[in-house]
Every structure is written in C-alpha cells, then in structure tokens.
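Note that the protein sequences, when read in sequence, are chains A, B and C. For the first sequence, position 29 (counting from the first letter as 1) is numbered 29 according to the numbering used here, and the numbering increases by one without interruption. For the second sequence, position 310 (counting from the first letter as 1) is numbered 310 according to the numbering used here, and the numbering increases by one without interruption. For the third sequence, position 241 (counting from the first letter as 1) is numbered 241 according to the numbering used here, and the numbering increases by one without interruption.
Treat the hints as calculated values from the structure; they're not laboratory data. It is possible that part of the hints are untrue.
[Stated by the list, open to error] Ranges of calculated distance between the beta carbons of each label pair, as one might list FRET restraints:
hint, chain 1, residue 1, chain 2, residue 2, range
1, C, Arg40, A, Gly75, 57 to 65 Å
2, B, Pro166, A, Arg318, 53 to 61 Å
3, B, Gly297, A, Arg318, 40 to 48 Å
4, A, Asp67, B, Leu109, 55 to 63 Å
5, C, Leu68, A, Asp132, 47 to 55 Å
6, C, Arg151, A, Arg318, 46 to 54 Å
7, C, Asn147, A, Ser286, 31 to 39 Å
8, A, Arg150, C, Arg151, 43 to 51 Å
[Said to hold, decoys possible] Computed far set for chain A versus chain B, every beta-carbon distance over 12 Å:
hint, residue
9, Asn24
10, Met62
11, Ser257
12, Arg271
Yeah, the Cβ is synthetic: ideal placement off N, Cα and C, and Gly gets one too.
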Amino acid sequence: MPEPLLSIEGLTKTFHVAKSASGNTRLKALDGISLSVGRGETLGLVGESGCGKSTLARTLMMLETPDEGTVSFEGTNPFGLKGKELLAWRRRVQMVFQDPFASLNARMSAGDIIAEPWTTHRSLYPTSRERDERVQELLQMVGLRASDARKSPQEFSGGQRQRIGIARALALKPDVIILDEPVSALDLSVQAQVLNLLNELQKELGVSYIFISHDLTVVRHVADRVAVMYLGRIIETGETEEVFDHPRHPYTAALMSASPKLDVTGAKRDRIVLQGELPSPLDPPSGCRFRTRCWKAQDICAEVAPEPQVLTAPDGRRHLAECHFPLDTIKGLTGAPAATANAL
Amino acid sequence: MKTAADPSTRQNPQGSAGPAGAQAHDVVLQVSDLAVDIRTHRGTVRAVNSVGFEARAGETLALLGESGCGKSMTAKALAGIMDPVCDLADGRIVLNGTDLAALTPKERLKFAGPELGIVFQDALTALNPVYTVGTQLGEAFRIHRGLNAKQARAEAIDLMKRVGIPEPESRVNSYPHQFSGGMRQRILIAMAVALNPRLLIADEPTTALDVTVQAQIMQLLRKLREEGQMAVILITHDLAVVAEEADSVAVMYAGNVVESGPVAEVFADPRHPYTKGLLESVPVHLERGDQLKSIPGSPPELHDIPSGCVYQSRCPMVQDICRAERPALRPAGRRRTPSGTATAAADPEQTTSAGTNDGGATVRPVRTAACHFSEEITNA
Amino acid sequence: MTSSLTDGAASEGQEERQPAGQPPTRNAPDLRDGQPGLFRLLLKDRFAAVAAFVLLLVGLTALVGPALMGDLATKQNLLFANKAPFTMAHGWEYFLGSDSLGRSMLARLVVASRTTLSVALPAVAVALLIGSLWGVWAGYHRGWRENVSMRVADVIMSFPSLLLAVVVLYVFSPSAANIVLILALTRIPIYLRTARAESAELQSRTFVDAARTFGAKPNAIIFRHVIPVVLPTLLTLATLEFCYVMLAESSLSFLGIGIQPPDVSWGLMVSQGRQYLQTAWWLSIFPGVAIVVTTIAANVLAAWLRIATDPAQRWRLALPRKRLIARIPAKEAQP
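In isolation and in its complexed conformation, chain A is listed as follows:
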C-alpha cells in the first residue's frame, strides 16, 4: 500500500438528540473509526443507511467536529488549524455530494458554481480572465462544453449536473476527493459515464478518492481497498478482492450475499438473508454490534466487544476484521491482534 496521505485514528462523534424510547439521548454516529487513504488510491466505504458513512464524510470535510480521535493529512491535524492554514487545508480535501439537484444552487450559472471556490481562495486564480479560462478547462475536463458555463443547473440532466459537481470539487486542485454516493441518484447508463469520468480523472490527476456507496458492484469496480461499516464502526477492511472474495466478518458476507447479482447463467445462489434490521444507533447491542443479526453469535459476543485483528491466510493475504468467530473460507487462517486499527 502506498504511504498514507490521509489517515484517521479513533474518530468518535456523538450527537445529542431528543429523548429516544429508551431514554438515551446520545447517538454515537462514529465510534472509534480508523482509516487511511494512500496517494492516488481509492478507498471504498460500504455500509447500510444509518451506519455513519455520511457522518464520517462530513467530519472529514470539517462540517462536524469529532469528539475524539485524530485526523492527519500529511502529518497535520486540520482541527487544530486556523485562518490561512485552515483554508489551505480545505483546498486539499474536497467533496462530491450525492444529490446532483440539491448540491448546486439553482440561482447560479454552471460557470459561477464551478468558480465559487475561488471566491474564497482568491490567490489561486487572481484575475477574472484566468478564472474564466480555468472554468472552461474544467468543463471540458468533465465532458461538458465550454459554452455550458452560462447555463443554469436546471438546464442540465442529472448526469451532467453531477459532472458540474465534480468540476467544482476539482476547482481547488484537491489531493483527496470524498465522493458521497456520487452515482446512486443517476440512471444506470449515465452512472457508467460518471464512473468512467472519475476513473480517467484519477489517472490523469493522481487524486485519492474516498468512495462512499451502498452499491457493492460499483465499489468493487472502483475501489482499491474497502472498509465495511456497521453501526458507527469499521468492522472489516482489506484489499477489495480480498474482502469481496473472502469476507471474514459475517456481516460483510451477508451484505455481499444480499446484493443481487447480474448473473443469469450461474446456478441459484445460496443466499444469506439476514433476519431483522439495523438496531437503532441510540441503543447499540452490547458486546459485538452485529450479534443481534448474526447466525454465528455465541455468549461471548454479547459480553466482549471484539477487537480488530489481522487475519492472515496461508497464502499471505491479510485483512482486518472485528469478529470473535471470523468466517474461515480458507483453511489455516491465523489471527493476531492488531496493534492499531490502521495496521494494514
């Protein structure tokens, strides 16, 4: 793995909410998240709604302040920064939002939307001529026409709007782009166009992506590494092929199994259909969070929360999972406690 560009350790975020049925007012949206992204790498972040993926994205964008934990970008923690340094950091990490309709201000033209970041970061393109030229460049880079700059967002289709959103994220020449479900609002045929675009941009510009999605097919296609989230924790991480082909955590296996496959020739699959639904994050189960839906759960799962451990297969392939009873699809799996959750 390339040396990490952005890494987070033990990130925790608690929201205070109106009283729930159980009288709990603290919602732990993130509970000790550790992750890292290397330069030019794509990290896929997978999980069901309510697992905390979006809170993680918002925290990384500093739209939320974490309670605990550190974020480190090339060694600096952005939450300690102020003024110019903070602004400089903001430039390096940008985000593309899920909803291409809500994320663009309908009263601005496409050109103004793309140029908007420069009104805060004036030094990047000081003159209006430079800005105009750069807008045209960006439009062409994302596959739109230079003349589209004058149009307003509602003159574009969903896919084209998402391209504008991507162009805006690229405007500050970031090193990391957080893509929060960038294609899930798009039609299939358009989705492929946008995925191709993201892929080309990464090759061309060497940016890192944190790709958040619930669509496993898409994640498998784009991500180098995958992290699976469940109720505010990352329960499994590893190389994409490793995680998809040999899931260790029962939840990962169930998630893979539940997602429909476009395979009309294959034999009927044995599906794991999980019973029950995601427990409320207000009252997460004791011990292992997944035990209420897990078919391998034993007494220990209710008592002791599993620690992350590095699981090594005989062929040397490793990945990290939090489970007392990891699935042993390859015989001879050995586990060792992970020194840090970023051990991989």
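Based on these hints, arrange chains B and C on the given structure of chain A.
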C-alpha cells in the same frame, strides 16, 4: 365477459396451491397497445406508446427501464390510478378475461379492487399517518368483504403474520411511523395481497431500502407469489434484481417496449442495442478501473421523442432507416425454441417453477425486439 | 419555446434543444441564451406591465406632483366646499371634488402621495433591511442566536404597537423620522420570523454545505446562497406590509400623533374623511383607492419579480399565453 371471479375459490391460497399449480402459467393479464397521454402546458405528450406484455400466474414479469421511461406510468395505468392530467389514450388491459380499459371507473374499482394489488416505492407516504396499521390493513376487508371492525382486525393480524411482522397482536395498533422502512414495506405488501389478488404490481418496492432488507422483501414477494399463484409485475431500474427475481422482462425506453422475452435469454443475448448497452454499463466481469462501456447522451424528453426509432440518438448502429421509420416489436433472437429445451436449462428458476407444468401446454413468451438490426447485434 | 413537462419531471436540459414541432417565436433568440431580458419579459406579462406603469406613475406624482400643484392643496375656498366629484363645472382642480374647507381633493391626493411614500417607503425599507438581515443571520447560525432573536421578536410582537407608538411619540416630538422609526420597529419581527425560517431551512441544504467545504465564511455564504433565495419572499411580504404601514400611519394621525395638519397623507385623509362618509364619500374613498391601487400594483409586480428572478421558474413567463393547453400533434401519429 367474466367479472369478479368468486373470491371463495381463492380464500385460502395454501389450500388451493395444489390444484392451482396444475393450471400455472395461465395468462392473468394481457396488455396490448397501451398508450398514455399526459396533458402538459406545452401540449399533449405520449408517455407510454403501444406497450404490450403478458403476466402469467406464478411468474414475475419485470418492467425494466430508467427514470422517465414510462414504466411507473404503465403501472398506474394498469391499476387505474393515473394523475388527473394523464389519459388512457388507447389499448386493452385484459385481466382475467375482462378488459379494464373498457370499464367505467366505478365498475373497475369493484372488479379490480380484489383482483389487483399494488405496492408502492415510498412506504411512508403510501400509508396514512393518522390511522393505525390495523385499521389500514383491515380496510380492504371491510370494503370488499363487508366484515365488521373486529373481524377485519383479526384478518389484519393474520396478514401481518403472513408478511412476517413480529408480534402482530400488539403491533396491529401501532402507527406507520413506529415501524422501520422494511416493516412499512411489508405492511404495504400486506395491504396489496389482502384480498389474494391474481395480479400484484410492485413499483420499485425496494429502491428505498438497504440491500439486506431488500433481500428480505424480495424473499417475501417470492413466497407470496408461490403461495397465491399470483402474477407479479415488478417495476425496477435494477438489472440485478431483474436477473434474480424475474422470469420474463420487458425493457422500456422513452415510453416504448424495446425488447421483451425470458430474462435468461434477453440478458444472455440481448437483441436490442439499448438492452445491450444497459447490460454493459454494469461493472461486472471487469478488471478494476477498466473503462465501462457506457451509453452516450441521455434519454430524450417526452416532448422531444424522435419520429423514427426512439433510441436513434444514442445508438451505435444507427442507420438512415432508423431515423425514418420506427421499428415495431418483432420476434427476435436466434434461439426461437418454443418451450423447455434449450432455454429452461439456462434458467434454473424457470425449471423449478415450471416443474408442475406439463410440457408444451403453454407457450413460453416469445422474444421480441424493436430494432431494425436486431439480428446483427453481436454479443461476445 | 423551452420548458419541461411538469414540475416533477424536473426540467432536465430545459433549454438544450428546441423541439422541432414548434415554430420559433419572437423571443426565441433571447431564450436560447437562457437569459431573456427582464424588461422584455415584463412587457410580455400584461398584468405586471400595468402594475409597473401604475407604480411608476405614483412615484412620478410623488416626485414632481406637489411642485406642480403649488398651494392648491392648502388653499381654502368655502364657496366650493363639499363639491361632488366627476364634474368639470368648477374647474379641473375640483374634478375629484373638494373637502369641507373647499380644498381640491385632486391637489390634496397628489401632495399626500409624497408624504405617504416618504413615510411608508422608508419604514418598510428599514424594517425589511434590519428584519431580514437579522433573521437570516439568526437562522443561519441557529443555537442561542436564534433563540434570543425569536424571543426579542416575540416581545415586540406581543407589545401593543399602538401603545408603543403613543409612548414614544408623546415623549419625542411626532416628526416624520420618528414615525418612520416607530413603524419600522414594530414591523421588524414580521421579516425577522420569515427570514429566520427560510434561512434555517436553507442552511442545511447541500449547496450550502458545499460552500462550507470550500472554507467560505458564514457571511459570504449568507450573501451568496441564502439572501438571493430568501429575498423574493421577503419582497412580496414587504409589498403587503406597505399597505399595512400606510394604514398604521393613518391611525397614528387619528390619535393626533402621526402626520400633523397641514401636512397630509393618504392615511390621514382616509381617517379625516371617515366622519363624512355618508355625506361626502369621496373624502375617504379616493385616498383609500389610492392606497389599494398602489399596494396591488406593488404586489403584482413583486409576484412577477419573484418568478422572473428564479431561474427555475422563469420559463413560465416566457410561455406564450394562448398555448398553455394547446395540443402538439403527437409525432407517433405520423407514419
């Protein structure tokens, strides 16, 4: 004309599963030349244009298409719940031998109410927040079977058991917001199957749900379909869901059916460039980071549908004739076998569900495609 | 002509292509640009155009009218007292009748227009400016700023505004400036509440989040993303308030602490004429009509402006009126 086939024969789906199985794959619904117009401030546009398909008992027909292709409009036209600005311009909707399109709205309500159930995408807005779930579930029994409140409540509890809602006795008095998304969807399904309809229309039933819950709901729909020998029309944009759940598929584009046939055949050997393009847009069997084959451009708007082939602006094989003449749905595909043999082997789900079907009694749905060059499409 | 099908069908690529089935219309070149001139749009909408004309007329009257009228408005002539309107028999200046002191109604209306506008306009403008900025700020930041602001608004709202006015205007002299300030102060909560509600909703929108991720400062976001969206609503509200303020000013006059004679305002004329309603209806009806016409015109124009400045709605105005429900020949019908 046969009206509301007496419900007594289907009161107990489990009991009649045996004999019903023998007559499986009867055509429950036959739609032909369906056309829907929308009146807009810009004039009338055709949202659905001469759409035809058949739904068979115990089978799932998928209407597949992207947003705005007219698939939901078709479903609403079938159920007779179109928006006031929409008109049924043409076509026949034959449900159990009765043409719904020819009935007055009142007759239609009486006939189609028990015969046709519909499940919507958004379970929260489809349920009334001020009534308990039990009241809403029991409503159908009170209206169509004349049951009193107590009997209806008992039926509602039965229904909740059938769709797998835990502790139905206590939860029957809960309000919709007290249920999770998946449970609400189950309640909607329960409402749709309350009167054991012959036809169930599911309009994007799992789009708003997580994959693990989606799997549960799909499992439930399968179970109910088999219990009641219902015909299911599954409306979706998700190719993988179609591949896993449906027996046959009708691919829609810009208000027209461009290809239809058994799922296994259509997906293995698409005979319309749009179907082919869609299948290739899904990132499977590809090395990571490889270029996906995407379809350029975006679908035409309804008021701007070209007069020739609807797909001409995005088609890689477009010729002059495509611009001049709209291709009709014609039988397509090299393997035009009548039934069983080659196709069934390719689709295990067919074989299991068709097991009771004594060979050749019913003809498998033919493969059709609306393309001038459907025989020239090569599938690697 | 370009537009989407229904609101729901989300206007995709609205103005990208010209549908082939329709003949090009006069404004087609403008529209392809996506930015049809506001003035041309205004001319297209008959109601809005008339409203604009009326407002222009009222404004001009207030500006140059009093000078033209000279001392006609204050000159008393008991021979012509209480003359009925709509007759030229007593000369043009009595066309709209006269009051009990024989003063020309026409001249008084013209002179009063200046006083009225010079009280109502600043009062509305001051309240609008302070109330909306305050409300937008409170709504954007939420938290204690919002709570304190809303309680302040509640206090002002629950305090009888007339009582407040009486107290202040008895303590200070009832000058025009003081009247403006009092009227503005009591109407601030209206804008404050509306602006806060809209801004609180807007601050959670994704495009505002997007701006935050660039590192834009709250004030910059408020001015770039919040105010342009809230402004049309507030302007519409302001035109309604315009009417209220004119009447409020007249009730102050009625209490003797508003505009003082010989100065005259429309509101004052209405209240003075009230006692003669049975004998000389024109004394209060004409200034009343002036108030209503001005307000309605302002309202129509504001409603139009609201649509015209919203890029997502503007196409409605560009629509030729007669074609609203026209049928386009179904292309499918053509072989």
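Arg271 (chain A) and chain B, when compared Cβ to Cβ, separated by more than 12 Å: 7 Å, violated
Outside-interface status for Asn24 (chain A) - nearest CB in chain B farther than 12 Å: Per Cβ check, Asn24 (chain A) is outside 12 Å of chain B; nearest 17 Å; holds.
Satisfaction of the hinted span 46 to 54 Å by the C-beta atoms belonging to Arg151 (chain C) and Arg318 (chain A): 59 Å, violated
Asp132 (chain A) and Leu68 (chain C) - C-beta distance against the hinted 47 to 55 Å: 51 Å, holds
Outcome of range test on Cβ distance (Arg40 (chain C), Gly75 (chain A); 57 to 65 Å): 58 Å, holds
Cβ distance range 43 to 51 Å for Arg150 (chain A) and Arg151 (chain C), holds or violated: Between Arg150 (chain A) and Arg151 (chain C), where Cβ atoms are some 46 Å apart, the hint holds.
Pairwise beta carbon distance, Asn147 (chain C) to Ser286 (chain A), judged against the given window 31 to 39 Å: 37 Å, holds
Given as non-interface: Ser257 (chain A), which should sit over 12 Å from chain B by C-beta: 8 Å, violated
Pairwise beta carbon distance, Asp67 (chain A) to Leu109 (chain B), judged against the given window 55 to 63 Å: Holds, since Asp67 (chain A) and Leu109 (chain B) (Cβ atoms, about 56 Å apart) stay within the stated range.
Whether the CB-CB distance between Gly297 (chain B) and Arg318 (chain A) falls inside 40 to 48 Å: At 44 Å between Cβs, range holds.
Beyond 12 Å from each Cβ of chain B, as asserted for Met62 (chain A): 28 Å, holds
Pairwise beta carbon distance, Pro166 (chain B) to Arg318 (chain A), judged against the given window 53 to 61 Å: 40 Å, violated
This entry does not satisfy hints 2, 6, 11 and 12, going by the numbered hints stated previously.
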